[in-house]
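K.L.:
One-letter residues, chain by chain:
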Amino acid sequence: MGVLSFLFSSSIGRKLVMAVTGVSLIAFLVVHCAINACVFFMDGGATFNAAAEFMAHNLFIRLAEVGLIGGLLIHIVQGLSLTLNNMKKRNNKYGSSPKRTNSTWYSRSMGLLGTILLLFLVMHLKDFWIVSRFDAQGGLTESKTLYHFMLEVFTNPVPVTLYVLGCISLAYHLLHGFQSAFQTFGLNHPILTPMIKTLGAAFSIIVPLVFASIPVVIHLGLIK
Amino acid sequence: MKHSMKVNLQVWRQKNTQAQGNFENYSVETNPDMSFLEMFDVLNEQLIHDGKEPVAFDHDCREGICGMCSMVINGNPHGPKQAITTCQLHMRSFNDGDTIVVEPWRANAFPVIKDLSVNRSSFDRIIASGGFVSVNTGNAVDANNILIPKDIADEAFEAATCIGCGACVSACINASAMLFVGAKVTQLSLLPQGQSERQSRVVAMVNQMDAEGFGACTNTGACSAECPKGIPLSVISTLNREYTKAKLNGI
Amino acid sequence: MKLESKIPEGPISEKWTKFKSTVPLVNPANKRHLEIIVVGTGLAGASAAASLAEMGYKVSAFCFQDSPRRAHSIAAQGGINAAKNYQNDGDSVFRLFYDTIKGGDYRAREGNVHRLAEVSTSIIDQCVAQGVPFAREYGGTLSNRSFGGTQVQRTFYAAGQTGQQLLLGAYSALERQVGLGNVKMYNRHEMVEVVTIEGKARGIIARNLVTGKLERFFSHAVLLCTGGYGNVFYLSTNAMGSNVTAAWKAHKAGAYFGNPCFTQIHPTCIPVSGHYQSKLTLMSESLRNDGRIWVPKKQNDDRHPNDIPEDERDYYLERRYPAFGNLVPRDIASRAAKERCDGGYGVGPSKMAVYLDFKYNMMQKYGRTEASKHNIENPDDATLLRLGQEVVKEKYGNLFDMYKQITDEDPYEVPMRIYPAVHYTMGGLWVDYNLMTTVPGLYALGEANFSDHGANRLGASALMQGLADGYFVIPLTIGSYLSGEIHTKAIPTTHEAFEAAEKRANERIQNFLNINGTRSVESYHRELGLIMWNKCGMARNEKGLNEAIAEIRALREDFYKNVRVPGTDKEFNPELDKAGRVADFLELGELMCIDALNRNESCGGHFREEFQTEEGEALRDDENYKNVFAWEHTENNKWELHKEELVYENIKIQQRSYK
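Chains as they are written, first to last, in the numbering used here: chain E, 1 to 224; chain H, 1 to 251; chain Y, 1 to 659.
Think of the hints as simulated: they come from the structure by calculation, not from any bench.
Computed footprint of chain H on chain E; a stretch qualifies when at least three of its residues, placed anywhere within it, have a C-beta under 8 Å from a C-beta of chain H:
hint: 1; segment: 14-25
hint: 2; segment: 80-92
hint: 3; segment: 97-103
hint: 4; segment: 106-114
hint: 5; segment: 186-200
No residue lacks a Cβ here, since even glycine has one placed at the ideal position from N, Cα and C.
Build the full structure now, drawing on both the sequences and the hints.
P.N.:
So this is what it looks like as structure tokens:
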């Protein structure tokens, strides 16, 4: 460790870990979102299944996946530990809350939003990822592709609602997290910083919207 | 003459650091031209007259520069208006009959001494750990031998206007002191003076900040929004950058 | 005891140089065994504590605030003078020396002031090296501006927060030494006694304001850097906590008090708005560069200022002092405002205010320039005003905002209302050239001493003096005393002198707590302030001063019968702290009046109505009063006057004229 031990000991170092892992998760979301969006080709899931197949069996992807999971775990553990630690810095709470909003509620609730996302993630992985990677629940077959499986899951309004709520949490988590990561990297530039903020806001709205639209669209029977 | 007004106060009373505190209710006759602290003077005069103990609160210059006054008013450090300190707040910002909740800065790194007074020596110790240029008296070269472009000087000045009041810590959900530390680090990293200790400075100051029990920054921006001097959030990104660079250099 | 100023022999420009090369020194090994106490951590205290610690002395520093950075030096707005001559406008050490002596109405010591002018240049170097962000030109060089009463641009500044930036520089140097273990810092500690043993200062008793405990501290020398005593007037531009207590205890321990009645009343402050008022706020002197001061020509004119036509306005400074106009020195501008208000021409709800109006310069000075920059031909008034307002906003925006915050009036629309207020005290503990008081080993630095500003201080000179004393004077001059103390071992604080001093302090505290009367400390302070302001303020006369002395004595007596100090002495008790400070003000106030009564002349800020020219200007009496009054405290509230003759070998004394 040596030189890098600050990443797990100092307040700024730990935040840096959150930012690095956060940005890598953002990169993953781009890929994930792109593949999901394949359902909109309206080709009965052919493109989507091909992409899913590629992701499931490409060696490089599988290796990257290990890294991703590692990053995710670090993001979760470090995030929870930071949040819990921060909560211990003010033992006596305020008796009144500010009338003026000095910060956004979601920026103050990253721990909570993250926890919701974690719960969502458990459900989501159980629903799809385990099915696609391991031969659980009977596994996928030629006739029952991931695409079909998805159509099946989203006929039920309960998972649709939960997925939409999960995507809303994701949107708010990103709305703060995206630009916050760059702040943590120390980016402070008269042109780049505002660009990143705008980009971050756009990303935080578009990506979760694409994600959320799929269960809704399927549920409404607009995609078959 | 403006007519008088009456406000109801809920003031945090706490005998000493160890004691449990609680809110007490008071009502004060005031007028719109009175400053918030003058309204507290009136309250204290009243309490002394009634044989009760006056409210302890910190204040000194009463013109917004010493950084001593420190009240959280209805949840906002230094009250509802932006870019001013408690002593610059006037009663005309409130309405007749309002109920106003007044509390001390709350953070473990700022223990309450009594009522609304807190101990902010942790800030001094952070400065003592590295918030300076190591130059002994008499070692200086002629002032104009160090040329500093106006925009750099102005930016350094902006960061240097921090009054060390601690509103940033009190506003932060994590009780983080990053805006305070960032302001000093930004000022000194911009200037050519003291560059030789640039990296050791930031590491020492962050270590001290962590040791004092301030929380980790989550970039909510509340600190900058509540800062009576409007220190920008960018000082925190500068601090992050300076610190990371120094650590990656093995400092 | 004869007052010895110990000014070195020789020509004025060589005194300090010669002193520096001949003053006895203390070798580094011995410095480690010599302890120094610094009380107060403003510009003088912080810079002294840091510099002495850098040299190797063992330093303990004390401040009553929660951090050394809060000292009231932080509130200084305008700037700091230095004879750098960066503007190539003919400035020199001699010119700064000359301006300061003249500005002080020939009541300051030549030797000290020349030294101040000499070291002024090093101060700027030192501050820049520390990272103080002074204003700069585009080329990167330091920027200067001009300030009251001088003809050169020698004032260095950092926007309107020069004091803050300089103090934070000194504070960082101090904290550096704290971090290195060379200075032990005591926050929230108030000095309540000087301990003397065999006539020498050997330490202090300080009260821990958090626990209330009286604590004893030994040292080989004690430095008082505790600022001025303007708060004796209750309402002033000083901080609420600024007090005379440390200086007063030193005075009672044998240090003479120099020129106590010399008070600076600053002409441009926001007027008092109500009886509850606790503090007055300064509007920087720089505003007088662009504002014109006027009152209505008619008495008791209640019209809105904007409704009073031009020919019904009396620009009285321009009328009386055509050569300097609105830029006359502070004492003159203040008295002129008082004269108008006393005559019934005052404005605002209290009628104790005059207008400071920017409209003319906004339109004619800045508006026209901007219009021509923007190629607007024949601009109408509205355009001129709009363009001018933008310029003024950039120059003084923060001051205008501050004014609006306090008064709820928009100074861009209506003229500011201003009135003079107590700002600075030129008087203070009498010190010799080494800054040592009449008690060996006891020093006074910065505003706490009397030495450099005579009867009136020039703008931007207070910061200069504080830092000169702390960074460059005391580190050298203290050697001449401490070199004789290297054999003095640390005296245990169980010594009877410490016992006795602590006992005195404790008795005082118990006395305050036991009176258990009906009136608050604050109410006495207000009443004292009113007496001082009315009878020992901008104008004084024999009758009023005699009345004031009697009233103060009566008030003091009442204080010890009827004051109520709540709480105990074993806890954080700001009311008890205040009681001690007000008790000292109640004694100081009397001495100030006695001093004013004995000085039968007018000079600088001291204006005795009996001594004025036919045109109402100050009339000095150089034959009888070209001297410093140094008061010795003989017994309880009894004083004996000693005089130090002032010798002017390098400057020809003249009557000040600004007409």
